[in-house]
Amino acid sequence: QQQVKQSPQSLIVQKGGISIINCAYENTAFDYFPWYQQFPGKGPALLIAIRPDVSEKKEGRFTISFNKSAKQFSLHIMDSQPGDSATYFCAASKDGQNFVFGPGTRLSVLP
Amino acid sequence: DAGVTQSPTHLIKTRGQHVTLRCSPISGHKSVSWYQQVLGQGPQFIFQYYEKEERGRGNFPDRFSARQFPNYSSELNVNALLLGDSALYLCASSFSGAVETQYFGPGTRLLVL
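Protein sequences appear in the order of chains L and E.
Residue 1 is where the first sequence starts when you use the numbering used here, and the numbers rise one by one after that.
Residue 1 is where the second sequence starts when you use the numbering used here, and the numbers rise one by one after that.
If we strip away everything but chain L, and leave its shape as in the complex, we get (with noise of 0.2 Å):
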């Protein structure tokens, strides 16, 4: 019930496109689900975060969907640009403790 599950496990995007990750999580007591973005030799950073009390936010390129009875979220990167390539991380928490991960997405993005 601790899981979150993240898909799809690699993603390949021409410059300019829309890069599309989604996560699902089982436990319905998690109220904070941030998205992480981790370059090779780093920490992960904080890219956005979504409370389960709205259904969409956007800042910049990033935009998260959350649909709280399907208990999935997703990140879409819009207008994809090579310094995004990256790995993603989805994760969820409650009460902003002990989080959980999902297993990462690693996008790269075509010039």
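A couple of the hints might just be wrong.
Claimed, not checked - The calculated SDA-like cross-link candidates involving lysine to any residue, where the alpha carbons are at most 25 Å apart (straight line), are:
(1) E:30 <-> L:97
(2) L:5 <-> E:40
(3) L:42 <-> E:16
(4) L:42 <-> E:3
(5) E:13 <-> E:52
(6) E:52 <-> E:63
(7) L:94 <-> E:29
Source of the hints: derived by calculation from the structure; they are not laboratory data.
With the hints as your guide, set chain E onto chain L.
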């Protein structure tokens, strides 16, 4: 301002040995969390400390322990190392213990032979 710093950056140990990893949080941050990231997987929560008290513990054996010092820096200790302990160990700090505002360090890469 300096971000979260971790030392050492890389470490090689043999099975059965002990290791100590260190983390210095962002100045003013009072909470430190530790994560283990096995190659190709997402980070797994190990511990959270806030104001020098353990606030949370993940599903790791007692071989893993940690502490936080008065200056809010932290150590992660792993005893009786196993091959499966080879991973990137990440430290994250936050100001108030609200983990949604946590900032990760670059990690310590541990290899157990």
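Quick rundown of the hints versus the structure:
| no. | hint | in the structure |
| --- | --- | --- |
| 1 | E:30 <-> L:97 | 15 Å, holds |
| 2 | L:5 <-> E:40 | 14 Å, holds |
| 3 | L:42 <-> E:16 | 28 Å, violated |
| 4 | L:42 <-> E:3 | 12 Å, holds |
| 5 | E:13 <-> E:52 | 28 Å, violated |
| 6 | E:52 <-> E:63 | 20 Å, holds |
| 7 | L:94 <-> E:29 | 21 Å, holds |
Violation of the numbered hints given earlier is confined to hints 3, 5; the remaining hints are satisfied by the structure.
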